[in-house]
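Going line by line, the protein sequences match chains A and B.
Heads up, the first sequence is in this note's numbering, so the first residue is 11 and it goes up one at a time.
Heads up, the second sequence is in this note's numbering, so the first residue is 69 and it goes up one at a time.
Hints were generated in silico from the structure; no laboratory data involved.
For each residue, glycine too, the CB sits at the ideal point set by N, CA and C.
Certain hints may be false.
Calculated lysine to aspartate or glutamate pairs in the DMTMM-like style (CA-CA distance at most 20 Å, straight line) [stated by the list, open to error]:
#1 A:K320 to B:E164
#2 A:K320 to B:D358
#3 B:K368 to A:D227
#4 A:K320 to B:E357
#5 A:K315 to B:E357
#6 B:K339 to A:D227
What the simulated footprint calls covered on chain A by chain B, stretch by stretch (three residues with Cβ under 8 Å from a Cβ of chain B suffice, anywhere in the stretch; the number is not a length) [unchecked claim]:
#7 265 to 275
#8 314 to 321
DEER-style ranges, computed between Cβ atoms [what the hints assert, rightly or not]:
#9 B:K368 to A:F12: 29 to 35 Å
#10 B:E346 to A:M160: 51 to 57 Å
#11 A:M11 to B:A367: 42 to 48 Å
#12 A:A229 to B:E346: 31 to 37 Å
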Amino acid sequence: MFIMKAIKGKLLDSGILIEREFEVRAIVACLLARGHALIEGVPGVAKTYTAKSIAKLLSLDFRRVQMTPDLLPSDIVGYYVFDQRTAEFRLRKGPIFTNILLVDEINRASPRTQSALLEAMQERQVTIEGQTLKLEEPFMVLATQNPIEMEGVFPLPEAQVDRFLAKIVTSYVSHKGFVELLRRVYEIEQAIENLEPVIPKEVVLEEIGRATEVRVDDAVLDYIASIVEETRVHPAVRLGGSPRAGIAMLKLAKAWAYLDERSYVIPDDVKAVAKLALVHRIILKPEYEIQGVTSEKVIESVLSKVPVPKP
Amino acid sequence: MKYLTVALALALLAAQIAQAELPRHTPGFPDVGSWQWLEEILRDPKLLEALRALAGAELSYRELLESFISRGSLPVDGVEGLSTPLGKDLEDIVAELGDPKLRALVEGIESGRVSQEELARALEHLDRLRASGALNLSSYVALLVGLADTLRERGLEVPQELLSRLGTALVELLNILQLGRAPRLAGAPTNPEPSLPRPEFRAPALELQLPALSVPWLPLDYALVALVAIAAVALALRVGAPRLPKLGWPRVRPSAAPTGAEEAGELDVVKLYWRAVELVSKATGTPREDHVTHREYLAKLSELVAEPLLDGFSELTRAYELYRYGGVRGSDVVELARAAYTRVVESLGRL
């Protein structure tokens with residue numbers, strides 16, 4: 011719980027991030043669940059700021075990659091260079107060898123480069139020139155993407171989207187929050203620049219361990235499975251949730267309960283994380299998509315249909 | 069004569085065994101099953117009417133209910149409930165309410181000039197008063213009883229809708245007041261709220277209750293033969309029944325071991341929660357839908373009900389969550405649930 015309290019105190023209560031409590035909590039939940047987060051939102055809604063400020067508070071190695079169409083896979087994972095002095099090939103590790111990797115505008119990279127992230131995200135290892143290298147724990151990819159632009163972007167393939175434990179959709183702040191932001195803009199910019207790490211790596215690893223020990227009743231497992239199965243039979247859905255979607259829900263629900271200072275999961279946790287875990291894993295039928303049906307609406311409809319555990 | 073005495077003793081024994089039932093509920097908590105027969109009668113207007121007719125043609129509905137109360141079948145003694153309004157005249161209750169429509173209806177009935185349509189409208193008006201909270205449940209029951217009796221006395225037909233409403237209201241009252249009569253295990257944790265009546269635990273199946281056999285017009289020989297035959301049938305039924313493992317007095321006693329009693333109590337944390345949900349749903353008209361979680365339901369209720377009901381239900385929800393999802397076992401959570409349930413029932417009784 012220390013992580014959340016520290017982040018809340020430094021970023022939310024101090025007003026550095028305005029009306030971003032859910033996003034912050036979701037990112038921390040992903041970290042505790044040993045998953046990766048995809049933050050999606052229109053330009054200018056503090057996606058990068060949110061990710062960057064959280065990463066800066068953690069005493070972990072942090073790298074940032076700005077994705078561009080001409081970025082190569084080797085620019086991310088690394089490559090071998092020939093050292094003329096020693097007459098040997100020497101590995102120059104890419105930015106992926108870190109704890110927190112902020113991949114900004116991930117959909118601007120070519121599919122080839124995006125795929126370079128696949129192995130690292132799933133297996134927590136990279137292979138360069140046939141040599142497999144383990145990544146250090148904890149390892150988390152925080153990626154941002156802009157859903158509006160259509161030119162010069164490469165939508166993430168389903169397989170890669172599925173690698174993200176959660177997709178966090180951010181939106182505009184309220185009018186009151188907006189005015190507050192305008193009033194304190196210089197102060198906030200300065201505060202983000204001056205953020206110092208306050209959460210030791212040991213604490214992060216310890217809390218990740220504790221979050222996995224959160225108790226889950228069989229009835230809650232049954233509830234999760236029923237929700238995922240219901241997404242598959244929904245009339246508006248072409249492809250519903252996979253078993254991996256259920257696993258993501260479970261992991262996130264455990265982390266969510268932990269952040270609530272509880273040692274057990276309740277159905278409310280499952281409901282709270284359902285959109286985070288499922289929204290990017292559901293593919294709608296085009297005819298429904300044209301009518302304005304969204305994955306969020308489908309999930310809401312599923313949650314209002316699936317009974318919670320009884321008695 | 070010696071054999072006759074033995075046969076008689078055997079017959080009495082067999083009759084007792086046949087009557088005796090194992091406690092199917094958790095000792096120390098309401099035996100919901102034992103009221104089911106009454107609920108069934110109350111829910112069916114025809115059965116209620118048949119029962120009144122059986123009890124005696126001149127018996128009024130009020131007398132019928134009073135006989136239920138005096139026999140302990142309707143558990144309102146000791147709890148402020150039906151007794152007070154039932155003891156009043158219909159005119160007094162209507163005068164207290166000060167509702168002109170009801171006064172006009174009573175006057176119409178008194179003069180024998182009321183139609184079935186007017187009665188139906190009046191019953192709907194009563195329902196609205198009840199729903200708005202202007203009329204509490206006990207007064208509602210007393211009004212219905214008074215109306216039924218007045219109609220009967222004036223030789224008018226008592227509509228089925230009236231009896232049906234009466235039965236439903238009585239069942240509701242019965243449900244709310246059940247805890248007031250809940251027997252408790254000796255040595256069970258004491259109730260933190262001393263104002264709530266809690267009779268001492270009496271295991272119902274352990275008492276010998278000899279059946280009354282006073283049939284003066286039946287010759288003794290025939291009576292004995294009949295008794296032996298009944299005893300044989302009862303014994304045969306008993307042997308075939310899977311509930312009792314062997315013949316003899318029921319040997320099941322409330323477990324004195326703390327673990328057994330604890331387990332029984334723990335099981336009731338979930339039962340108590342759902343029982344409270346049922347009661348609160350009826351009282352507020354807000355059922356807990358299948359997809360709604362316990363916390364969501366509590367949040368919904370917090371907009372509808374006030375203290376102390378909300379506080380009690382909130383505590384019960386917490387106990388349910390700890391037990392159901394947290395796997396928390398122990399006397400603390402059981403005691404928390406019991407105390408909270410008591411508060412919920414008491415609060416509902418005051419509505």
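How the hints compare with the structure:
no., hint, verdict
1, A:K320 to B:E164, "violated (44 Å)"
2, A:K320 to B:D358, "holds (8 Å)"
3, B:K368 to A:D227, "violated (25 Å)"
4, A:K320 to B:E357, "holds (11 Å)"
5, A:K315 to B:E357, "holds (10 Å)"
6, B:K339 to A:D227, "holds (18 Å)"
7, 265 to 275, "holds (count 4)"
8, 314 to 321, "holds (count 8)"
9, B:K368 to A:F12: 29 to 35 Å, "holds (34 Å)"
10, B:E346 to A:M160: 51 to 57 Å, "holds (55 Å)"
11, A:M11 to B:A367: 42 to 48 Å, "violated (23 Å)"
12, A:A229 to B:E346: 31 to 37 Å, "violated (20 Å)"
The structure shown violates the earlier hints numbered 1, 3, 11, 12.
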